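Enquirer: Residue strings, one per chain:
Protein chains: 2
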Amino acid sequence: MRDSQDFDVQTFLPYLLNQAAEASSLEFQKVYKDRYGMLRNEWRVLFHLGIYGHLTASDIGARAQMHKTKISRAVQRLAERRYLTRTRDTDDRRVEHLALTAAGRKVYDDLRQIAQDYDEALVEGLPAGDAQRLRALLVTLAKRRG
Amino acid sequence: MRDSQDFDVQTFLPYLLNQAAEASSLEFQKVYKDRYGMLRNEWRVLFHLGIYGHLTASDIGARAQMHKTKISRAVQRLAERRYLTRTRDTDDRRVEHLALTAAGRKVYDDLRQIAQDYDEALVEGLPAGDAQRLRALLVTLAKRRG
DNA sequence: ATGTAATAGTTGGATTTGTAACTAACAAGC
DNA sequence: GCTTGTTAGTTACAAATCCAACTATTACAT
Chain A
40 MRDSQDFDVQ TFLPYLLNQA AEASSLEFQK VYKDRYGMLR NEWRVLFHLG IYGHLTASDI
100 GARAQMHKTK ISRAVQRLAE RRYLTRTRDT DDRRVEHLAL TAAGRKVYDD LRQIAQDYDE
160 ALVEGLPAGD AQRLRALLVT LAKRRG
Chain B
40 MRDSQDFDVQ TFLPYLLNQA AEASSLEFQK VYKDRYGMLR NEWRVLFHLG IYGHLTASDI
100 GARAQMHKTK ISRAVQRLAE RRYLTRTRDT DDRRVEHLAL TAAGRKVYDD LRQIAQDYDE
160 ALVEGLPAGD AQRLRALLVT LAKRRG
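So the protein sequences, as listed, match chains A and B. Going from the first sequence to our numbering is simple: count from 1 and add 39. Going from the second sequence to our numbering is simple: count from 1 and add 39.
Think of the hints as simulated: they come from the structure by calculation, not from any bench. Please note that the accuracy of each hint is not assured.
Pairs count within a copy or across copies, as identical chains cannot be separated in the list.
[As the list claims (entries may be wrong)] Here are the simulated lysine to aspartate or glutamate pairs, EDC-like style, with alpha carbons at most 20 Å apart:
#  : residue 1 : residue 2
1  : Lys145    : Asp47
2  : Lys107    : Asp128
3  : Lys69     : Asp149
4  : Lys145    : Asp73
5  : Lys69     : Asp156
6  : Lys145    : Glu119
7  : Lys182    : Glu159
8  : Lys145    : Asp98
9  : Lys182    : Glu66
10 : Lys109    : Glu135
11 : Lys182    : Asp73
12 : Lys182    : Glu163
13 : Lys182    : Asp47
14 : Lys145    : Asp130
15 : Lys107    : Glu61
16 : Lys145    : Asp45
17 : Lys182    : Asp131
18 : Lys72     : Asp156
19 : Lys72     : Asp148
20 : Lys109    : Asp130
Computed from a predicted structure; not experimentally measured.
Given these sequences and hints, build the entire structure.
Expert: Next comes the structure, spelled out in structure tokens:
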């Protein structure tokens, strides 16, 4: 057995990633929560629609790696607030096309601006030039199917 | 307003960190969950005790950035399984000293071994030499109080 | 010593999430 | 046409989490 002294939970990647993710999410979470009463899954859906235009729930699930129940509930709440519209596909009536309303787009624009600024602020806290490398590594880790 | 084309949620650090954290936690979660019926907060407490010896709930909270209610409940469940003992401090009777039992240490040793192997496997999936840089960046991000 | 504040940890209730089962619609083979 | 399987999305119930209030104990000031 390897020497247990080699191991510190503080350097264990899944742990460290969670700590970093949680800490770096707090400030942004505060905005979408306090300002719009939104949950994490809701801003994710909102952003996907804001960026990619109209999508189905399945599209979002594939892109965001979100389970369909999360999406279903997020979509429900966003629809209640009139941030998005749901339109049945005429060819395949199981499918629903989602799109932001004007109100939804306003919220998205506001939050996107804040996210952009916040991302910049996070990057500024890192050694110069490391951000792109970091993003590439995170993408690699996120892709891993475990 | 900045060009909205500059922004993609897939590169937004809090989002990317969450994706990486979630993906990289899955495999390890499967082990502590399936093999020992443990929850995330429970292995965290277990590991802190395994690594740092006996601690109080507050110590763990400070080190792991965990809220005291999470710790309280994790400690309860670990105590029920006889993985740890709780001992009242004689000087300050609010304080409880936590320590692993022999059974708890066995579980910890098993999981620690798996965590070590898994961490190595994760690192092997990254470009050579990038792991230490990544850990340093994650520590920086985790320290950020936001 | 006594009132006030701080700290360690627990508990209760509402909110959120996870898991599995479900409905509805389409597809493909026979 | 029918059966079987697949896919889109929803719902129900259990489990986990969050937040605020709570008990118990200690600390500190007057």
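Enquirer: Work down the list of hints and note, for each, if the structure agrees.
Expert: Hints versus structure:
Proximity of Lys145 and Asp47 under a CA criterion of 20 Å is satisfied inter-copy only: 17 Å between copies versus 45 Å inside one chain copy. Only within a single protomer do Lys107 and Asp128 lie at most 20 Å apart by alpha-carbon distance; the minimum there is 18 Å, versus 48 Å between protomers. For a Cα distance limit of 20 Å, the shortest separation of Lys69 from Asp149 inside one copy, 14 Å, qualifies, whereas the shortest one across copies, 38 Å, does not. In this assembly of identical chains, Lys145 and Asp73 lie within 20 Å of each other by CA distance solely inside one copy; the values are 16 Å within and 44 Å between copies.
In this assembly of identical chains, Lys69 and Asp156 lie within 20 Å of each other by CA distance solely inside one copy; the values are 15 Å within and 36 Å between copies. When the C-alpha separation of Lys145 and Glu119 is checked against a cutoff of 20 Å, the pair qualifies only within one copy, where the shortest distance is 16 Å, while the shortest distance between copies is 51 Å. Taking the shortest alpha-carbon separations for Lys182 and Glu159, only the inter-copy value of 17 Å comes in at or below 20 Å, while the best intra-copy value is 24 Å. Taking CA atoms no more than 20 Å apart as the test, Lys145 paired with Asp98 passes in neither setting, with 22 Å inside one copy and 44 Å between copies.
Within a single copy, Lys182 and Glu66 get their C-alpha atoms only as close as 26 Å, which misses the 20 Å cut-off; across copies the closest is 13 Å, which meets it. Taking the shortest alpha-carbon separations for Lys109 and Glu135, only the intra-copy value of 16 Å comes in at or below 20 Å, while the best inter-copy value is 39 Å. Neither within a single protomer nor between protomers do Lys182 and Asp73 lie at most 20 Å apart by alpha-carbon distance, with minima of 32 Å and 23 Å respectively. Within a single copy, Lys182 and Glu163 get their C-alpha atoms only as close as 26 Å, which misses the 20 Å cut-off; across copies the closest is 14 Å, which meets it.
For the identical chains of this complex, Lys182 and Asp47 are inter-copy neighbours only, at 17 Å across copies versus 25 Å inside a copy, given an alpha-carbon limit of 20 Å. When the C-alpha separation of Lys145 and Asp130 is checked against a cutoff of 20 Å, the pair qualifies neither within a copy, at 31 Å, nor between copies, at 58 Å. Proximity of Lys107 and Glu61 under a CA criterion of 20 Å is satisfied inter-copy only: 16 Å between copies versus 23 Å inside one chain copy. For the identical chains of this complex, Lys145 and Asp45 are inter-copy neighbours only, at 17 Å across copies versus 51 Å inside a copy, given an alpha-carbon limit of 20 Å.
In this assembly of identical chains, the alpha carbons of Lys182 and Asp131 never lie at most 20 Å apart, being 31 Å within a copy and 49 Å across copies at closest. For the identical chains of this complex, Lys72 and Asp156 are intra-copy neighbours only, at 17 Å inside a copy versus 38 Å across copies, given an alpha-carbon limit of 20 Å. For the homomeric pair Lys72 and Asp148, the shortest alpha-carbon distance inside one copy (16 Å) is at most 20 Å, but the shortest distance between copies (40 Å) is not. Taking identical chains as interchangeable, the C-alpha atoms of Lys109 and Asp130 are never at most 20 Å apart, the minima being 25 Å within one chain and 49 Å between chains.
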